[in-house]
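Given chain A's structure and the hints, the job is docking chain B onto it.
Residue strings, one per chain:
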Amino acid sequence: GQQLNQSPQSMFIQEGEDVSMNCTSSSIFNTWLWYKQDPGEGPVLLIALYKAGELTSNGRLTAQFGITRKDSFLNISASIPSDVGIYFCAGQEDDMRFGAGTRLTVKP
Amino acid sequence: GAVVSQHPSRVICKSGTSVKIECRSLDFQATTMFWYRQFPKQSLMLMATSNEGSKATYEQGVEKDKFLINHASLTLSTLTVTSAHPEDSSFYICSAPRQGRYGYTFGSGTRLTVV
Numbered sequence: 763g764q765q766l767n768q769s770p771q772s773m774f775i776q777e778g779e780d781v782s783m784n785c786t787s788s789s790i791f792n793t794w795l796w797y798k799q800d801p802g803e804g805p806v807l808l809i810a811l812y813k814a815g816e817l818t819s820n821g822r823l824t825a826q827f828g829i830t831r832k833d834s835f836l837n838i839s840a841s842i843p844s845d846v847g848i849y850f851c852a853g854q855e856d857d858m859r860f861g862a863g864t865r866l867t868v869k870p
Numbered sequence: 002g003a004v005v006s007q008h009p010s011r012v013i014c015k016s017g018t019s020v021k022i023e024c025r026s027l028d029f030q031a032t033t034m035f036w037y038r039q040f041p042k043q044s045l046m047l048m049a050t051s052n053e054g055s056k057a058t059y060e061q062g063v064e065k066d067k068f069l070i071n072h073a074s075l076t077l078s079t080l081t082v083t084s085a086h087p088e089d090s091s092f093y094i095c096s097a098p099r100q101g102r103y104g105y106t107f108g109s110g111t112r113l114t115v116v
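These protein sequence lines map, in sequence, to chains A and B.
The first sequence: position 2 = 764 (this note's numbering), numbered continuously.
The second sequence: position 11 = 12 (this note's numbering), numbered continuously.
Just so you know, the hints here were simulated from the structure itself, not pulled from any lab data.
Errors might be hidden in some of the hints.
[Stated by the list, open to error] To be clear about the criterion: a stretch of chain B counts as covered by chain A if any three or more of its residues have a C-beta under 8 Å from a C-beta of chain A, and this derived list gives those stretches:
| hint | stretch |
| --- | --- |
| 1 | 38-44 |
| 2 | 106-114 |
[Said to hold, decoys possible] One side only, chain A facing chain B, incomplete, derived with CB under 7 Å:
| hint | residue |
| --- | --- |
| 3 | LEU795 |
| 4 | PRO801 |
| 5 | ASP856 |
| 6 | PHE860 |
[As the list claims (entries may be wrong)] Here are the simulated BS3-like pairs of lysine-lysine, each with C-alpha atoms no more than 30 Å apart in a straight line:
| hint | chain 1 | residue 1 | chain 2 | residue 2 |
| --- | --- | --- | --- | --- |
| 7 | B | LYS65 | B | LYS15 |
| 8 | B | LYS42 | A | LYS832 |
| 9 | B | LYS56 | A | LYS869 |
| 10 | B | LYS15 | B | LYS42 |
| 11 | B | LYS56 | B | LYS15 |
| 12 | B | LYS21 | B | LYS42 |
All of these numbers come straight from a predicted model, not from anything done at the bench.
The C-beta atom is built at its ideal place from N, Cα and C for all residues, glycine as well.
Chain A on its own, in the form it takes in the complex (with noise of 0.2 Å):
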């Protein structure tokens, strides 16, 4: 199926800096959400959004869906080791879009 394009593909980060990913589509989503996935691992829900201009906090993670409905961002502040994974956006409407995925590295 299409994906939506999701950015930045990889970063390598120092703990404790703050981190930001985003996603666009060309299509209009109903809900965004933000997965994680840790090695071997299915991806785990982090949060998912609602209603377009929604802001999200879960833990030092913030996520907002955009005012168009076709983007989204999540920033993750203060970053440790255990972040550690790729973040994927996801777009529902009728059917459910992922981003290619953000690899995310946390040197100590």
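Structure of chain B alone, referenced to chain A:
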């Protein structure tokens, strides 16, 4: 709630043999389940949608005779990779829609290695 259990977590098989992967919804009924394939450092690619009591819907380019899907009950979907070849080696993940909410719950994935 909304737990999806996937087994096995990893399997090694010989070329030409078949491998079955199971995906169970533990605490809810899933009339629909999705099967994905993930190559290293790539995103999830939807292979097929499994529908309880009816035939699966396959994405373009996915061989339905190669990847047999059975969704015989409201809590179990299976993916059988038939006559496996080394190029079938990959990470396979299932998911099911979350009850009453948006988003999917994913299984923990199956690492298939065909030797």
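So, against the hints stated earlier in the document, which numbers end up violated here? 4, 5, 9
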